[in-house]
Amino acid sequence: MSHQSVQDLELDSLQSLSQAQVGCDFQIRYLDGPACDQLRNLGFCESLQVRKLSGGRNLICSVCGTRLAVSRELAEQVKVTPVLSA
Amino acid sequence: MDTSPATDWQTWAAIGVVVMTVLMMVIRTAKRSRKNAGGCGKCGSGDCH
Amino acid sequence: MELKPETVALAGNPNAGKTTLFNALCGRTEKVGNYGGVTVELKKGEFFTPHGRRLELIDLPGTFSLEGGSPDQRIASEVLSGKHERHPAPDLVVCVVDASNLERHLQLTLEILELGLPTIVAVNMVDMAEKSGLRLDPVKLSEELGVPVVPIQANRGKGITELKQAMRHPFPSAPELRWEKGNAEARRSFGLKTADLAARRATLHSTNLSDRLDAVLLHPVLGWVCFLAIMFALFWSIFSFAGIPMGWIETIQESLTGAVEGRMAEGDLRDLLTQGIIGGVGAVVIFLPQILLLFFFIGLLESSGYMARAAFLMDGVMGRAGLSGKAFLPLLSSYACAIPGVMATRTIDSAKERLVTIFVAPWMSCSARLPVYLLLVPMLLGGSEGGTVQALVLLSLYVLGTGTAFIVARILRGRLGPDEVKSHFLLELPPYRWPQWTYIFRHVLDRGWSFLRKAGTFILALMILLWAATTYPKLESDDPAAVISHTIVGRVSDFIEPIVKPLGFDGRTGTAILTSFAAREVFVGSMAQLFRVEVAEGEEEQETRAHIRDRLAAEKWPDGSPMFGPAAVISLLIFYIYALQCLPTSAVVAREAGSWKWAVAQFFFMMAFAALASLIVYQTARLFGLA
Chain A
35 MSHQSVQDLE
45 LDSLQSLSQA
55 QVGCDFQIRY
65 LDGPACDQLR
75 NLGFCESLQV
85 RKLSGGRNLI
95 CSVCGTRLAV
105 SRELAEQVKV
115 TPVLSA
Chain B
7 MDTSPATDWQ
17 TWAAIGVVVM
27 TVLMMVIRTA
37 KRSRKNAGGC
47 GKCGSGDCH
Chain C
328 MELKPETVAL
338 AGNPNAGKTT
348 LFNALCGRTE
358 KVGNYGGVTV
368 ELKKGEFFTP
378 HGRRLELIDL
388 PGTFSLEGGS
398 PDQRIASEVL
408 SGKHERHPAP
418 DLVVCVVDAS
428 NLERHLQLTL
438 EILELGLPTI
448 VAVNMVDMAE
458 KSGLRLDPVK
468 LSEELGVPVV
478 PIQANRGKGI
488 TELKQAMRHP
498 FPSAPELRWE
508 KGNAEARRSF
518 GLKTADLAAR
528 RATLHSTNLS
538 DRLDAVLLHP
548 VLGWVCFLAI
558 MFALFWSIFS
568 FAGIPMGWIE
578 TIQESLTGAV
588 EGRMAEGDLR
598 DLLTQGIIGG
608 VGAVVIFLPQ
618 ILLLFFFIGL
628 LESSGYMARA
638 AFLMDGVMGR
648 AGLSGKAFLP
658 LLSSYACAIP
668 GVMATRTIDS
678 AKERLVTIFV
688 APWMSCSARL
698 PVYLLLVPML
708 LGGSEGGTVQ
718 ALVLLSLYVL
728 GTGTAFIVAR
738 ILRGRLGPDE
748 VKSHFLLELP
758 PYRWPQWTYI
768 FRHVLDRGWS
778 FLRKAGTFIL
788 ALMILLWAAT
798 TYPKLESDDP
808 AAVISHTIVG
818 RVSDFIEPIV
828 KPLGFDGRTG
838 TAILTSFAAR
848 EVFVGSMAQL
858 FRVEVAEGEE
868 EQETRAHIRD
878 RLAAEKWPDG
888 SPMFGPAAVI
898 SLLIFYIYAL
908 QCLPTSAVVA
918 REAGSWKWAV
928 AQFFFMMAFA
938 ALASLIVYQT
948 ARLFGLA
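As given, the protein sequences belong to chains A, B and C, one line each in that order. The opening position of the first sequence corresponds to residue 35 in the numbering used here, with each subsequent residue numbered one higher. The opening position of the second sequence corresponds to residue 7 in the numbering used here, with each subsequent residue numbered one higher. The opening position of the third sequence corresponds to residue 328 in the numbering used here, with each subsequent residue numbered one higher.
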């Protein structure tokens with residue numbers, strides 16, 4: 035485990051927004067799925083930061099200061115990595 | 007009829023009002039259907055106007 | 328010859344404040360709310376620039392993108408790209424963007440710039456954004472985009488003059504694009520870069536009041552407690568607060584009757600004035616305060632931003648009905664009137680979900696049913712008005728209609744089959760805002776005025792006709808029963824009595840139901856006339872509604888049993904929850920669903936359902952001895 039490179043670590047920590055932990059900040063890495071254009075129009079763009087505010091059937095997250103409620107299937111298509119707080 | 011004159015003119019006036027109402031309704035309906043402006047004129051409780 | 332004015336279109340993301348700006352520019356009171364998708368059709372107005380030029384303004388429904396989307400969003404993109412059948416492309420586009428959301432809202436602006444139309448960017452809600460610590464640089468934004476940028480705060484009228492100044496001739500030419508046209512990827516990164524340059528956020532995620540409110544209002548348990556408490560407070564206040572102004576209306580009504588009776592000799596015209604007009608129309612107008620209260624509360628929910636939260640909470644329940652939380656917003660506005668509710672279904676992406684929502688929308692009890700409920704509910708509970716129990720009964724009537732609507736929606740949704748393109752639940756939760764009181768009061772006054780206008784024209788006419796039908800042809804006899812059965816209404820009610828009797832109604836109630844097919848509120852006035860409730864002189868302390876109720880409570884079947892026992896009243900209430908007695912709704916359903924068949928099927932289904940439900944309830948209640 036101690037032999038892993040930084041890149042591996044990043045790939046390891048890649049997760050979908052629906053699996054992500056509530057209350058933490060994440061960076062959007064890429065979108066993958068049939069609804070990704072719809073998501074991009076709403077503001078889920080690569081490189082933006084997102085905070086997950088609550089989980090459940092629909093999850094609430096905040097992107098660029100706006101709260102959005104999205105369904106679990108949509109959140110599944112957003113791949114994020116945690117932002118490490120300094 | 008053995009009604010008093012007062013009752014008599016009231017009867018005629020009432021019938022007049024009723025006939026006028028019918029006429030007004032017919033005219034308004036005809037106007038509306040010619041303009042084909044939907045049915046919202048009757049909806050007093052909506053945001054549809 | 329006057330030239331046709333040039334057209335200016337307002338475009339932007341949902342809830343960017345386009346309609347607020349439209350109202351500010353044109354001095355209008357179009358419906359606004361603090362959630363996306365309030366405007367679902369084109370709205371047109373006119374205004375003058377400071378140079379005295381007349382411009383036509385088109386308010387477009389909000390959209391995230393010019394591609395795809397729900398029917399309301401497609402209207403916006405059709406107009407902008409010049410593909411709309413009735414509207415050519417506008418001469419100038421004003422892109423309304425929310426200052427706090429430049430990253431997201433600029434994407435649409437850039438798409439519009441690609442169309443090559445003259446464009447001005449109006450950055451709205453700058454006050455709010457600056458209060459939250461955002462540093463906005465309009466000059467930088469204008470340089471980057473190559474178009475004029477005007478910061479505004481539309482609801483306070485700030486920046487409106489500057490915006491009008493910016494619309495002077497010649498219109499700004501379309502800028503040179505600084506990204507590859509048609510390349511979504513390039514456009515997106517340009518937008519993000521521009522937003523980053525023009526607006527600096529103090530902190531990325533700070534917990535503000537909206538977050539703290541949401542922690543409670545969207546809580547899986549507490550959220551529901553608050554939701555139900557809000558709904559209950561709404562119905563309770565409809566019963567309790569409205570009593571005072573209703574008393575005033577009654578006093579006016581009674582003194583009018585007294586004045587007419589004091590000045591006129593007995594005769595037909597006097598009967599027409601007192602029984603037909605004052606009695607019939609008055610019985611309907613008396614509910615004005617309650618209807619105003621209902622609209623006030625709905626306005627409060629809409630403009631504070633709670634509507635979107637209610638939709639979020641309801642998504643789970645709606646999911647079980649095969650609908651999404653998105654469908655809840657149209658259904659909620661159907662509580663005011665089904666017509667705007669049916670129109671609001673345009674915000675639903677899925678065509679099938681939209682059809683199902685349109686189908687069940689009339690079962691959300693609209694404000695026209697309120698008078699009927701308010702007349703009948705106290706009859707169930709001993710006659711007096713007000714109080715928690717009646718508010719609960721009223722709330723349960725609404726819940727019953729809504730619950731049945733969900734069950735039918737589920738069955739129907741299952742039969743229509745799955746969507747070709749799966750759509751997902753996506754909802755913007757706008758920050759809570761202090762309600763715009765001036766707007767709400769103007770809106771409530773508008774609705775009150777249109778209710779009065781309807782009472783003064785349509786309902787008045789019906790009441791006059793009904794009076795005629797209960798009076799003519801005349802029979803000179805001393806037996807009132809013989810007189811009434813000789814009239815048109817007497818004959819009609821004798822004819823329909825066998826049909827409605829199994830539901831627990833006599834012929835006169837049946838006739839009142841028939842008249843309410845013109846408009847539901849008419850029922851109250853019809854009952855007042857058909858059971859001849861006279862507001863006699865010297866009875867001023869007696870309330871008119873209580874009077875109608877007393878009269879109804881005293882009615883007996885020929886065998887001596889009371890006509891309006893609990894079973895019959897419940898049966899009537901059930902009938903009014905389910906029956907679709909509103910022609911304008913059917914017309915709008917036909918238009919929105921795209922076929923008359925859907926509207927006709929809906930009408931007959933709801934009628935059959937209402938009759939059947941009434942029948943079962945009445946007969947069951949009788950078995951339990953509630954007749």
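Heads up, a few of these hints could be off.
The calculated BS3-like cross-link candidates involving lysine-lysine, where the alpha carbons are at most 30 Å apart (straight line), are [as the list claims (entries may be wrong)]:
id	chain 1	residue 1	chain 2	residue 2
1	C	Lys520	A	Lys113
2	C	Lys458	C	Lys331
3	C	Lys485	C	Lys467
4	C	Lys520	B	Lys37
Computed list of chain C residues with no C-beta within reach of chain A, every gap over 10 Å [to be verified]:
id	residue
5	Arg483
6	Leu545
7	Gly652
8	Ile767
Selected chain C positions facing chain B (Cβ under 8 Å, derived; list incomplete) [to be verified]:
id	residue
9	Leu583
10	Ala586
11	Val587
12	Glu588
13	Gly594
14	Arg597
15	Pro616
16	Leu619
17	Leu792
Worth flagging that the hints you see were computed from the coordinates, not collected in a lab. Backbone N, C-alpha and C fix where the C-beta goes; we use that ideal spot for every residue, glycine too.
Against the structure, the hints come out as follows:
Distance restraint check for Lys520/C and Lys113/A: the Cα-Cα separation of roughly 22 Å lies within the 30 Å cut-off, and the hinted pair is therefore satisfied. Distance restraint check for Lys458/C and Lys331/C: the Cα-Cα separation of roughly 42 Å exceeds the 30 Å cut-off, and the hinted pair is therefore not satisfied. Taken as a hint, the Lys485/C and Lys467/C pair is honoured in the structure, with Cα atoms around 20 Å apart against an allowance of 30 Å. Simply put, Lys520/C and Lys37/B have alpha-carbon atoms about 57 Å apart, too far for the 30 Å limit, and the pair is violated.
Separation of Arg483/C from chain A is adequate, the least Cβ-Cβ distance of about 21 Å exceeding the 10 Å criterion. Non-interface call for Leu545/C relative to chain A: violated, since the shortest CB-CB distance, roughly 7 Å, does not exceed 10 Å. A beta-carbon of chain A comes within 10 Å of the beta-carbon of Gly652/C; the shortest separation is about 7 Å. With 10 Å as the threshold on Cβ separation, the claim that Ile767/C sits away from chain A holds: the shortest Cβ distance comes to roughly 24 Å.
Given the 8 Å rule on beta carbons, the hint for Leu583/C is violated: about 17 Å separates it from the nearest Cβ of chain B. Violation of the interface hint for Ala586/C is found here, the shortest Cβ-Cβ separation to chain B being roughly 17 Å, above the 8 Å cut-off. A hinted interface residue such as Val587/C counts as satisfied when its beta carbon comes closer than 8 Å to some beta carbon of chain B; here the least separation is about 12 Å, so the hint is violated. Taken as an interface hint, Glu588/C does not check out: its beta carbon lies about 13 Å from the nearest beta carbon of chain B, beyond 8 Å.
Evaluation of the Gly594/C hint against chain B yields a held restraint, the C-beta minimum of about 3 Å falling below 8 Å. Of the supplied interface hints, the one on Arg597/C holds, with its beta-carbon coming within about 6 Å of a beta-carbon of chain B, less than 8 Å. Checking Pro616/C against chain B: minimum C-beta separation of about 14 Å lies over 8 Å; hint violated. At about 11 Å, the closest approach between the beta carbon of Leu619/C and any beta carbon in chain B exceeds 8 Å, and the interface hint on this residue is violated.
Of the supplied interface hints, the one on Leu792/C holds, with its beta-carbon coming within about 6 Å of a beta-carbon of chain B, less than 8 Å.
Hints 2, 4, 6, 7, 9, 10, 11, 12, 15, 16, counting from the list given before, are not met by this structure.
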